[in-house]
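Participant: These protein sequence lines are chains A and B, in that order.
Numbering of the first sequence is given in my numbering, commencing with residue 1 and proceeding in unit increments.
Numbering of the second sequence is given in my numbering, commencing with residue 511 and proceeding in unit increments.
Derived by calculation from the structure, the hints in this document are not laboratory data.
Predicted model only: the values in this text are computed from it and were never measured.
Yeah, the Cβ is synthetic: ideal placement off N, Cα and C, and Gly gets one too.
It is possible that some hints are incorrect.
[What the hints assert, rightly or not] A few chain B residues that face chain A, going by a derived Cβ cut-off under 7 Å, partial list only: (1) Arg741; (2) Ser742; (3) Tyr746; (4) Ala750; (5) Phe753; (6) Ser754; (7) Ser756; (8) Ala757; (9) Asn760; (10) Ala761; (11) Ala798; (12) Ala801.
[Unchecked claim] FRET-style restraints, in silico, Cβ to Cβ: (13) Phe865/B x Lys387/A: 33 to 41 Å; (14) Leu666/B x Lys275/A: 26 to 34 Å; (15) Asp450/A x Leu730/B: 52 to 60 Å; (16) Phe865/B x Lys252/A: 52 to 60 Å; (17) Ser669/B x His308/A: 21 to 29 Å; (18) Ser669/B x Arg328/A: 53 to 61 Å; (19) Glu802/B x Arg95/A: 35 to 43 Å.
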Amino acid sequence: MAEEIALKLNNITKIFPGVIANKDVNFELHFGEIHALLGENGAGKSTLMNIVYGLYDADGGTIEVKGEIVKIKSPKDAIALGIGMVHQHFMLVPRLSVVENVILGMDENLRKIDMIKAKKEVQALLDKYNFKIDVNAKVRDLSVGTQQKVEIIKALYRGADILILDEPTAVLTPLEVEELIIMAEMFKKSGKAIIFISHKLWEVKKLSDRVTVLRAGEVAGTVVTASITKEGLASMMVGREVLMAYNKNECKPGKAVLNLENVIVKGINRASDLKNLNIEVRMGEIVGIAGVDGNGQSEIAAVIMGLHNLESGRVLFQGCDISQKNTRKRIQDGMAHIPEDRFKDAIIKDFSIAENLILDDYDIEPYTKNGVFSPAKVVNNAKNLIKEFDIRPPFPNALIKKFSGGNQQKVVIARELSRNPKFVLAMQPTRGLDIGAVEFVHERLLAERDKGKGVLLISADLDELLIVCDYILVLYEGEIMGSFVPGKISLAEIGMMMGGTKRDGETSDC
Amino acid sequence: MVKPVIVNLGKIDISIFKKQKKEDGLVSALLGSLLALFLAFCVAAFIISLSGANPLLAMETMIKGAFSSKRMIAETLIKATPLLLAAEGLTICYRAGMISIGSEGQIIMGGLFATVTGLYFVKGLPSILAITIVILAAALGGGLWALIPAILKAKLGVSEVINTIMLNYIALYGISYLLDKPLREPSAINPQSSLLPENLWLPNILPGTRLHFGFILALLAALFVYLLLWRSPWGYQMRAVGFSQSAAKNAGIPIVRNLILSMVLSGVFAGIAGGIEITGIHHRLMNAFSAEVGFDAMAVALLGKLHPVGVVIAAIFFGALRVGSGVMQRSVQVPSSLVSVIQGLVIIFVLMDTFIKNYAVSVLKKGKEVITKGGHV
């Protein structure tokens, strides 16, 4: 039983426009094992599992379930084959009770539903796994950890013997993690199989029997967990060639331009709460923040720009406390922001290029003089910036939504940098751009640094940070795990920090 | 990439760019509106023919009726005046992303404030000053009535759509009570207020007709809205908030303030419309004086593509429909309420116009394909 193959993937390939998400992925899951799928953001873990669960269609390769080649066209097919998946974002109806959520969608004929029988069955499952949940409780009244248990029960109730857990511990408290581990062990002992997706080294070590590491859509290797150290896993996860290098001038840091002091902030979930965070950015240096998405990066950016309230701590700009200043004041003081979500936060897609280029200073001269707003001046400014930043096509009055992502980002960068800011906050500034545009962004940021500006670059792309930054901090669950100068420590050490291991003996000079 | 053609004329270089295709330009917008109108009239024609009348004849009398004489043209402009004012107001708040259905109630409150001020607070003042105060009072009334749903929406997130609709009813039945008891003209049989003193009546601007100064005010309002939205930093803010609250927030633009301001301004314009109807036409407050102008104004604003100039054209067009439909009813016996049908259809088709345009384009393309295919066979 223990060695029977539950799931086998042969040469799975999935191509999204412009990105190869999975390339010739081979994967094997046995009954009676817990198999971890480890990798950085964008390594293709979730895509692969979504293919298995029938949410995506693979462009190549075959799937074997219990020894037979199958076509999985929808989650319905997957469920029929005994595959259950618990997503990172739960698919529960908050207003319905636990039992109603569990049986939801099982039978299309509502009149046939036998609630008393369903309750008994769900209760039996809950008892079996020692989950203390009231079957009649409304899901909206349950904690996040308990909701996850409901999701698991939902999959088991449908007869799943292959369970996929997508980043299951991301939303859990340490105690809930322990409970999850106990449940997983029980599930395994009953001869079933679990795949769990993770980027955290310690939980992979603790929970899994084997681990498959994905790197940029390809399998970096499958190993028995007990045979490899955390360091070994870390270097498998991040160990790739650095693609580009720039001729950087020597870094000559000056006075501090931005400080976060003992910042505590409530984030969107527990993992992204900022827990007593300290960051310093000096003039003339690029400080990077590395880490997997969702560990508090968005919260850091929001706190710096005044878009999110502090629970405690201070934000200093050029030595002055700006914690109480609003976003507008901070922008006028000389802070520039390249937001993470370009389409939503950085541009107004129904505005023209020219109008987007003045989003930060529409109400000051030359655009507004004595209360009169001058479209001609706005277009003039756009003509200059279009030339300087090579925005194509060069039409100041065209709507920005018709431009490519790279050119939209050029507009954002032109707007933010042409104001001659003293500090630049760049959040994932190259996500989704082609190589040419990526280089453009990097060169612009380096130019700002050489002009003596302070730059904080937050990115989930480690390569980018390594080639651009003078100094990098690693963020994990709202805390700094350590800091280093690029090139001075091994990728394995960086991977360890990204996976949640604190580093001793920090180096802190640039 | 479009390459510029550079012509060298001695010392002067002239570069000629191929003009960029303006897909979102005024022409295209106008085309959408015209298409919507055309479809609305087609459906209306079908309904007319069902009632046994000749639709072409009915339409002809309607259009001719509205522009047949100096007096009829003046009537058209009179009807267009409050529509224009209210629709310009809606242009501001729709641009800022506030969906107001509340012009009707704001017009009524404007009329109420104007009447009360005119009857009790401006006695003995010179005419121009008194009229100014009355109109300002009307603006205040409409503005305050819009402030309630604006604050509820911007601060608490309560749906402004529902609230403005409900406030319409409160205003409507509120003045109905006031006219029945406290404001009722002592000697009158009908529930109506006393007549305003003649020095508060808006001056006539076209002798021999009823056309009053309010029309000029409405045109000035259109100019004001244009300047506000495209020639002032406040308009830039409102448009930014209307298109993307999250991007505006990241740029430090105050969302709450702009939402409230835009809604209140729309109320101010609707209030002025109410004040002008009282001082220019009725000279007293009466039930249903607003004649559902506030609802038609939504159609006008949408048909005018939320552009002050487009709105002027749409308002005059709707004014003509209101006047012409009366003529149509008298001469071809088609009920004038058909205009409401046309207006409703116009709203539906305007809201669908992007879809219709795309559909029309694809039909044309298909047609072309068939033709080329036919050519090969």
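Participant: All the hints need checking, so say for each whether the structure fits it.
Facilitator: Right, here's what the structure says about each hint:
no., hint, in the structure
1, Arg741, "5 Å, holds"
2, Ser742, "5 Å, holds"
3, Tyr746, "5 Å, holds"
4, Ala750, "6 Å, holds"
5, Phe753, "5 Å, holds"
6, Ser754, "5 Å, holds"
7, Ser756, "5 Å, holds"
8, Ala757, "5 Å, holds"
9, Asn760, "5 Å, holds"
10, Ala761, "5 Å, holds"
11, Ala798, "39 Å, violated"
12, Ala801, "35 Å, violated"
13, Phe865/B x Lys387/A: 33 to 41 Å, "38 Å, holds"
14, Leu666/B x Lys275/A: 26 to 34 Å, "32 Å, holds"
15, Asp450/A x Leu730/B: 52 to 60 Å, "54 Å, holds"
16, Phe865/B x Lys252/A: 52 to 60 Å, "59 Å, holds"
17, Ser669/B x His308/A: 21 to 29 Å, "26 Å, holds"
18, Ser669/B x Arg328/A: 53 to 61 Å, "28 Å, violated"
19, Glu802/B x Arg95/A: 35 to 43 Å, "39 Å, holds"
Checked against the numbered hints given earlier, the structure breaks hints 11, 12 and 18 and satisfies all the rest.
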